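For the record, the sequence lines run as chains X and W.
Start counting the first sequence at 0; every next residue gets the next number (our numbering).
Start counting the second sequence at 0; every next residue gets the next number (our numbering).
A hint or two may mislead.
One copy or two, either will do: identical chains are not told apart, so a pair holds if it fits within one copy or between any two.
[Stated by the list, open to error] Pairs of lysine-lysine, DSBU-like flavour, derived with a Cα cap of 35 Å: (1) Lys-87 x Lys-219; (2) Lys-60 x Lys-197; (3) Lys-219 x Lys-197; (4) Lys-60 x Lys-87.
Simulated from the structure, these hints should not be mistaken for laboratory data.
Computed from a predicted structure; not experimentally measured.
2 protein chains.
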Amino acid sequence: MAAPIIVLVRPQLGENIGKAARAMLNFGLTEMRIVNPRDGWPNPSAGPAAAGADIVLDQAKVYETTAEAIADCEHVYATTVRKRGVTKPVVGPDEAARLMHGESGRHAILFGREASGLSTEDVTLARRILTVPINPEFGSLNLAQAVILCAYEWSRIAREAGAGELVQPTDEDDALPPAPQDELDGLIGHLEGMLEPKGYFLPESRSEATRRTLRGVLTKPGWNHLEVRTLRGVLSSLQRGDRES
Amino acid sequence: MAAPIIVLVRPQLGENIGKAARAMLNFGLTEMRIVNPRDGWPNPSAGPAAAGADIVLDQAKVYETTAEAIADCEHVYATTVRKRGVTKPVVGPDEAARLMHGESGRHAILFGREASGLSTEDVTLARRILTVPINPEFGSLNLAQAVILCAYEWSRIAREAGAGELVQPTDEDDALPPAPQDELDGLIGHLEGMLEPKGYFLPESRSEATRRTLRGVLTKPGWNHLEVRTLRGVLSSLQRGDRES
Chain X
0 MAAPIIVLVR PQLGENIGKA ARAMLNFGLT EMRIVNPRDG WPNPSAGPAA AGADIVLDQA
60 KVYETTAEAI ADCEHVYATT VRKRGVTKPV VGPDEAARLM HGESGRHAIL FGREASGLST
120 EDVTLARRIL TVPINPEFGS LNLAQAVILC AYEWSRIARE AGAGELVQPT DEDDALPPAP
180 QDELDGLIGH LEGMLEPKGY FLPESRSEAT RRTLRGVLTK PGWNHLEVRT LRGVLSSLQR
240 GDRES
Chain W
0 MAAPIIVLVR PQLGENIGKA ARAMLNFGLT EMRIVNPRDG WPNPSAGPAA AGADIVLDQA
60 KVYETTAEAI ADCEHVYATT VRKRGVTKPV VGPDEAARLM HGESGRHAIL FGREASGLST
120 EDVTLARRIL TVPINPEFGS LNLAQAVILC AYEWSRIARE AGAGELVQPT DEDDALPPAP
180 QDELDGLIGH LEGMLEPKGY FLPESRSEAT RRTLRGVLTK PGWNHLEVRT LRGVLSSLQR
240 GDRES
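Sequences and hints are given; from them, build the entire structure.
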């Protein structure tokens, strides 16, 4: 269940290496490998673009060839946009993430250079092809975006799988339970008491239906007791006479 | 099942608007709205950064306020990184995408300015908070990355749905969609107008917080337009003098 290793193959710009590091660390990925970076390594442009993800850059390892970079990896994915004449299984980021969580061993994802992507040789090294399904009429993912989508999916599936390392927002976050029925009844009774003298429930023949409608509207939100208290305050305020202004 | 509208609130750099457009179009999103962009609109830096996603920029609409930008939207999501003292449901991009596919009506996702995110007032306008679950020790998503993750999830769930799996029946299945934002604003404005002369919003120093609390309570249920009409009727009734009994 270790996070995948992100392998940047012959990247051109240090800035993009930094952005990839930033994208990774957002979702808990820390292991980056760099194959034959065009401008050498370390690259002074990488740090500023990493926006604080220095740990990823500091620990990045550099290799001469793609084969060396993935020598210790059991599962290798090659990211490509276009279909290739290679007969390998093609998966999306979501399915790749599921496979990573289901298969033991070390996982690596290869990303090609900005201008041209992975070479056919690099793709051949991989067991599977990872393709982000994009708009067929407009495919324009940059390197860091491709990385962030893969990192995001890995962490999303990790959370699904119950590895509770990352923050998981839920519907219930901070939310209080709905107020007990008697508080809600108190609110509805209060409002009905105010509406009664206004003739709101007339004609008598429609009175029951009108009450049901009103109750339906007020029951829908499932207000908690603080919210009910706020609304009771509103009603009490409306019952007061106007202030001298 | 229309794609969500991406609303950029007070964005600073044209370049980031362009990048957001590019991120959107990769996953088939085309409708962008911009609230009060710092450097005006159109912005010459946006086009080059859009990398060909000109159709998104050409069709982008500009608004003075967030409220105007979402006036016709039934479902509004506010993206935030941090926890807020606001009691609204918090969902991730995946759950948001599922909700968008399950609920009819127009969906909008608010993104705040690069430096500071959404203001508390903007968050208050939304029914739900959308938080990308990121590494608690390193959260550093930029605007275009936040947009691309939401766009990606929307298209991923759309494909799931197209594959025949999705459109899970919800309890709101046959229900009417929430009333558009301007109807809700009308209700809130009506009530505020009644409460004002009662001194409900005093002391002045607490006035904004009190308005936010009230709005939060009334935004929670997602009332449909019939329900809003019922409540407008209630308020009008309360404004009348008592009947002779």
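Comparing the hints with the structure gives:
Within a single copy, Lys-87 and Lys-219 get their C-alpha atoms as close as 7 Å, and across copies as close as 15 Å, so both meet the 35 Å cut-off. In the homo-oligomer, the alpha carbons of Lys-60 and Lys-197 never lie at most 35 Å apart, since the shortest distance is 39 Å inside one protomer and 45 Å across protomers. Taking CA atoms no more than 35 Å apart as the test, Lys-219 paired with Lys-197 passes in both settings, with 24 Å inside one copy and 28 Å between copies. In this assembly of identical chains, Lys-60 and Lys-87 lie within 35 Å of each other by CA distance solely inside one copy; the values are 28 Å within and 44 Å between copies.
Consistency note: the structure conflicts with earlier hint 2 alone.
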